[in-house]
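K.L.:
Sequence:
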Amino acid sequence: MEILDNKLIRHHEKLRELEEKMKEQQSLIDREEIALSKVRNDKATVEEHLKKRIAAYYTMGDIGLLNVTFSTQTLPELLTFHDAFDTLIQYDQNLIKVYLKTIQEIERTKTTLDLEKSVLQEFITQTVAASEILEQTQTEKRLLLTHVRTKAQLHKQAIEEMQQASEALAQSMITVKSKSQVSEEGFLTNKGSLPPPVDGVIITLFQQEKVNKLGISRQSQGIELKAPDGTQVVAVAEGEVIFSGYLRGYGNTIIIHHGLQYYTVTARIEKLLATKGQKVKAETPIGIMGDTAILFDEGIYFEIRHGRQSIDPIIWLNPNRLSTLHEHSTEHSTGLPNAVSSVQ
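Residue numbers (our numbering): 9 to 352.
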């Protein structure tokens, strides 16, 4: 912004200089036009005198016998007068030639000044255009800075809200009573063989740094899986739905308690199919994926927690199912081979 401001100041100074030169140029042109007008007037006056003198000369006629006979002047006087008249006419003719030459010179000077004026005008036009572009750029930069500051504030607010949502989620899990009617051993015994929540491709790994579509950077506490719209989202194990609804920072979310303070969190679901208090089994449909739910983040979000602590879901999911998903979409997946090999 400072560079733009300085450049704009320089452009305005240059514009003022050019405008001053334009005024000086116009003043010179005006002077030449006045001089040209005066010379033309003088030329016209001399031409008028010359016309009268020539008319008088022809009226008087040549010096003949009659002129000498009837004239009161002697022949030498008549000859002297005739020569003087010729001289005056010649003088007027020469003066007219001088005036014509002067007029031509003034007109050439004026043409040069007009050309210089046109060049100056072009410089002024270019400078004005450059100044307008700079001012527009400056305005856009200021708007961009305002937008960036606003966006930064929104980012900060969004991150704080996500942290608050994460804390609220952890707190809600802790408050669930430990005595449950579900099998508390099933989740642990099936570690490494649980089905994934969707038949999709893993696009974000556990604790991977991720930047969402709003530009918010964070470390993922779960994994993200990409699948087509309309794909069914399923429970990964038997349990009880303890939350089904919109969760700030997560979107539509299903939280299932699997016993012994183990929970699965499945978020960014377009349509919720399971309700709070519902008992589910492995691969029971709990929701449907859609593009609206993933407006700001890609894929469905899946997390496993033990109490307040997030744990890597990859080591709990069936590596064969993951391997199959990777083989089905090799050209699209980026982080899956390492994830699969680490499980195996």
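None of these hints come from the bench; they were simulated from the model. Treat the hints loosely; a few may be bogus.
Stated by the list, open to error - Calculated cross-link-like contacts (lysine-lysine; reagent style BS3-like; alpha-carbon spacing at most 27 angstroms): (1) 199 <-> 109; (2) 218 <-> 289; (3) 105 <-> 29; (4) 279 <-> 289; (5) 105 <-> 46; (6) 109 <-> 46; (7) 22 <-> 46; (8) 46 <-> 29; (9) 284 <-> 218; (10) 234 <-> 199; (11) 199 <-> 289; (12) 284 <-> 199; (13) 46 <-> 31; (14) 218 <-> 287.
Said to hold, decoys possible - For each label pair, taking beta carbons as the anchor points, the in silico distance ranges come out as: (15) 52 <-> 140: 26 to 36 angstroms; (16) 34 <-> 112: 51 to 61 angstroms; (17) 299 <-> 216: 16 to 26 angstroms; (18) 299 <-> 268: 19 to 29 angstroms; (19) 200 <-> 147: 55 to 65 angstroms; (20) 144 <-> 329: 53 to 63 angstroms; (21) 21 <-> 130: 10 to 20 angstroms; (22) 319 <-> 219: 18 to 28 angstroms; (23) 219 <-> 21: 21 to 31 angstroms; (24) 147 <-> 48: 49 to 59 angstroms; (25) 147 <-> 219: 40 to 50 angstroms; (26) 219 <-> 199: 52 to 62 angstroms; (27) 21 <-> 227: 29 to 39 angstroms; (28) 140 <-> 38: 45 to 55 angstroms.
Where is the CB? At the ideal position from N, CA and C, for every residue including glycine.
K.L.:
State for each hint whether it applies.
P.N.:
Consistency of the hints with the structure:
A threshold of 27 angstroms between alpha carbons decides the hint, and for residue 199 with residue 109 the separation of about 110 angstroms lies outside it, so the pair is violated. Annotation: proposed proximity of residue 218 to residue 289 is violated, straight-line Cα distance about 32 angstroms (limit 27 angstroms). A threshold of 27 angstroms between alpha carbons decides the hint, and for residue 105 with residue 29 the separation of about 35 angstroms lies outside it, so the pair is violated. The straight-line distance between the Cα atoms of residue 279 and residue 289 is roughly 19 angstroms, inside the 27 angstroms bound, and the hint therefore holds.
For the hint pairing residue 105 with residue 46, the CA-to-CA distance comes to about 15 angstroms; that is within 27 angstroms, so the pair holds. The suggested pairing of residue 109 with residue 46 holds, with an alpha-carbon distance near 14 angstroms, which does not exceed 27 angstroms. In summary, the hint linking residue 22 to residue 46 is not supported, as the alpha carbons are separated by about 36 angstroms, beyond the 27 angstroms threshold. Among the hinted pairs, residue 46 with residue 29 is consistent with the structure: their alpha-carbon atoms are about 26 angstroms apart, no more than 27 angstroms.
Simply put, residue 284 and residue 218 have alpha-carbon atoms about 30 angstroms apart, too far for the 27 angstroms limit, and the pair is violated. The hinted pair formed by residue 234 and residue 199 meets the criterion: a straight-line CA distance of about 23 angstroms does not exceed 27 angstroms. A C-alpha spacing of about 15 angstroms is found between residue 199 and residue 289, which places the hinted pair at or below 27 angstroms, so the restraint holds. Restraint check for residue 284 and residue 199: the C-alpha separation of about 25 angstroms stays at or below 27 angstroms, so the hint holds.
For the suggested pair residue 46 and residue 31, the alpha carbons sit about 23 angstroms apart, so the restraint of at most 27 angstroms is met. The hinted pair formed by residue 218 and residue 287 fails the criterion: a straight-line CA distance of about 33 angstroms is larger than 27 angstroms. Take residue 52 and residue 140: their Cβ atoms lie about 48 angstroms apart, and the range 26 to 36 angstroms is violated. Separation of residue 34 from residue 112 is about 22 angstroms and departs from the stated range, judged on CB atoms against 51 to 61 angstroms.
The hinted window of 16 to 26 angstroms between residue 299 and residue 216 holds, with their beta carbons roughly 23 angstroms apart. Taking the beta carbon of each, residue 299 and residue 268 are about 36 angstroms apart, not inside 19 to 29 angstroms as hinted. Look at residue 200 against residue 147: about 59 angstroms separates their beta carbons, and that is inside 55 to 65 angstroms. A beta carbon spacing of about 56 angstroms between residue 144 and residue 329 agrees with the range 53 to 63 angstroms that was offered as a hint.
Roughly 19 angstroms separates the CB atoms of residue 21 and residue 130, a value that falls within the hinted 10 to 20 angstroms. At roughly 23 angstroms, the beta carbons of residue 319 and residue 219 sit within the given window of 18 to 28 angstroms. Between residue 219 and residue 21 the Cβ separation comes to about 44 angstroms, which falls outside the hinted range of 21 to 31 angstroms. Distance hint check for residue 147 and residue 48: the Cβ-Cβ separation is about 52 angstroms, which falls inside the suggested range of 49 to 59 angstroms.
In this structure the hint that residue 147 and residue 219 lie 40 to 50 angstroms apart at CB is violated, the actual value being about 29 angstroms. For the pair residue 219 and residue 199, the beta carbons lie near 31 angstroms from each other, so the given range of 52 to 62 angstroms is not met. For the pair residue 21 and residue 227, the supplied restraint of 29 to 39 angstroms is violated, since their beta-carbon distance comes to about 52 angstroms. Distance hint check for residue 140 and residue 38: the Cβ-Cβ separation is about 30 angstroms, which falls outside the suggested range of 45 to 55 angstroms.
In this structure, the hints that do not hold are numbers 1, 2, 3, 7, 9, 14, 15, 16, 18, 23, 25, 26, 27, 28, in rising order.
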